[in-house]
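Heads up: the protein sequence lines correspond to chains A and B, in order.
Sequential numbering from 1 applies to the first sequence in my numbering.
Sequential numbering from 1 applies to the second sequence in my numbering.
These are calculated hints, taken from the structure and not from any lab test.
Check before you lean on any hint, since a few could be wrong.
Given that identical chains are not distinguished, each listed pair holds provided it fits within a single copy or across any two copies.
[Claimed, not checked] Cross-link-like lysine-lysine pairs, in silico, BS3-like; alpha carbons within 27 Å at most: (1) Lys107 - Lys53; (2) Lys77 - Lys152; (3) Lys195 - Lys260; (4) Lys129 - Lys211; (5) Lys260 - Lys93; (6) Lys323 - Lys152; (7) Lys229 - Lys152; (8) Lys206 - Lys107; (9) Lys260 - Lys152; (10) Lys152 - Lys129; (11) Lys210 - Lys77; (12) Lys195 - Lys93; (13) Lys152 - Lys237; (14) Lys46 - Lys236; (15) Lys152 - Lys53.
There are 2 protein chains.
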Amino acid sequence: MNEIFIGIDLGGTNIKIGCFDSDIKLIRKTSTPTRADMGPDTVADKMAQTAEKLLTDAGLSLQEVPSVGLGCPGPAKYREGIMESATNLPEFKNIPFRKMLSERLGKPVVFENDANVACWGEYAVGAGKGVEDMVFFTLGTGIGGGIINNGKLVHGCGDNAAELGHIIIHPDGRMCNCGQRGCVEAYASANSTAKRATEAVQGGAKSSLKKVLDENDEITCKDVYEHLKAGDKLAKKITDETAMALAIVCINMLHITEPKRIVFAGGMIGAGEILLNRIKDYFNEHIWALRKEPVEICFATLGEDAGIIGAAALAKQAYDEGKLKSG
Amino acid sequence: MNEIFIGIDLGGTNIKIGCFDSDIKLIRKTSTPTRADMGPDTVADKMAQTAEKLLTDAGLSLQEVPSVGLGCPGPAKYREGIMESATNLPEFKNIPFRKMLSERLGKPVVFENDANVACWGEYAVGAGKGVEDMVFFTLGTGIGGGIINNGKLVHGCGDNAAELGHIIIHPDGRMCNCGQRGCVEAYASANSTAKRATEAVQGGAKSSLKKVLDENDEITCKDVYEHLKAGDKLAKKITDETAMALAIVCINMLHITEPKRIVFAGGMIGAGEILLNRIKDYFNEHIWALRKEPVEICFATLGEDAGIIGAAALAKQAYDEGKLKSG
């Protein structure tokens with residue numbers, strides 16, 4: 001019998017679910033609205049029912065599934081399987097989703113926060129494949145991350161490791177939403193990109209983005225990258241700042257956990273090679289001379305399915321290692 | 001039969017050796033000049049002979065020793081047991097000391113660089129006892145470090161992880177000896193402390209350290225801390241800068257590997273509570289508001305024996321885990 005692994009990506013708007021073969025190749029996927037307003041029990045019911053229907057639709061059965069992976073947003077107690085809180089699911093506090101889902105499906109559930117899930121997905125079958133030490137950044141509205149050390153996710157003493165967006169790179173620099181000053185998130189997130197561009201245009205910088213601000217009352221990160229591709233100088237300056245901030249955290253991570261590969265994911269990588277090449281340039285300019293082993297810096301490859309792929313890959317890994325727990 | 005563990009600390013000037021019981025309590029220790037000028041074979045002979053004599057003098061025998069721990073300076077390939085290079089042992093390049101010592105003693109040898117050894121010593125029986133996640137800084141001429149994640153040393157893809165002195169905290173800041181700009185080492189090492197004080201006095205800052213510079217042609221780190229204790233304002237300012245730099249890397253490490261405890265060791269901790277309290281103050285001022293779990297910041301407790309203690313503790317751990325290799 002071939003094993004089938006289920007990966008679930010619980011988001012604020014939608015629950016995405018995929019079923020995968022034992023090579024973590026996608027067989028079939030589906031999506032359903034989260035409806036957090038109906039409460040955690042209903043959300044857990046929906047996850048279980050949608051997973052079962054997905055299997056049926058794919059001509060498979062729950063009997064073929066040794067384990068299920070679940071990724072949740074925000075800080076999560078992975079040891080206890082508890083989702084603590086999340087900006088985009090404000091109704092939910094300390095919900096034991098691992099136990100709730102495991103009871104409904106009668107299967108062991110492996111649980112992680114969404115950044116670790118996506119990190120593990122890239123590590124197992126994406127851009128991080130083939131290395132044992134990896135660092136992963138998600139560049140979205142904010143910046144999240146994951147760290148693989150010697151083939152294992154780094155969790156830290158309170159399951160809050162790899163909050164990589166809040167590495168301070170300018171102690172006297174910009175305020176971050178977290179309350180710290182000078183976090184990389186304040187220089188390299190989509191929010192910060194939009195904000196820095198807006199401030200610059202409002203401050204009188206010459207840019208084709210001025211028209212955007214006048215017409216839309218705001219500049220988005222997407223606008224910045226569109227105008228970058230069209231050759232706007234301010235957009236280039238803003239992007240250079242982003243790349244510089246990311247290069248500094250790459251150097252720092254190299255001196256801390258020494259990854260073989262650093263993988264960037266999230267909406268911001270839509271900026272493309274221009275951003276990636278600038279990060280590499282700054283990295284090479286600022287890294288110490290003694291460095292011998294090259295580190296590879298690249299973009300993620302799994303795209304929007306990273307959540308379900310990573311969750312299924314975690315489920316498979318726990319099964320392979322004999323580390324499955326129910327509840 | 002009680003097991004006896006041997007810990008060896010290979011330094012540029014002296015080889016220190018201790019024998020320990022299975023609680024890593026020191027039974028007896030000794031020291032002998034390294035004499036690197038006589039070549040690596042002679043140094044390995046000296047390590048083996050001195051260890052055997054130490055056992056004899058303590059009324060013990062090599063038969064009671066299941067494993068030996070060896071700490072070497074500088075970058076080291078711990079997987080291969082090779083000392084790559086070291087500033088204070090410039091004659092030695094890529095010396096397979098693990099194999100050489102193991103052959104001479106007929107015992108498995110556990111091998112690490114000296115910062116990891118001291119880190120492990122503090123973790124096993126010193127200031128880090130009782131936690132599973134720890135970060136360790138040695139504040140000496142330069143700054144080194146070690147990271148314990150989930151009870152294991154973090155080595156990285158090329159055995160160069162935990163080069164914590166080269167975390168960049170001011171990308172546009174002071175040049176570091178490593179070739180990078182703005183490393184914490186450029187703000188918080190003993191060298192940097194002396195250099196910053198000298199620069200300030202030469203630049204006209206009022207300080208009781210001026211007399212020291214005039215008389216000795218230099219200001220040392222020790223001078224700075226002596227004048228700090230006597231109430232000199234410049235010494236306080238220099239120390240505040242040091243503490244601020246160390247607080248920033250503490251915050252960064254908390255967001256990266258999330259230690260439960262951060263331990264500072266090395267000559268600089270001679271500055272005492274004044275330095276430690278400033279680090280804690282800055283840490284608490286700059287850490288994000290969301291932080292719930294407190295991290296403990298403290299000084300190391302093992303002192304100059306950390307090297308032999310840590311090496312013996314590593315030897316014991318490998319023995320306990322059944323992970324011993326010869327050669």
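Which numbered conditions among the earlier hints are violated in the structure presented, ordered from lowest to highest? 3, 4, 7, 8, 11, 12, 13, 14, 15
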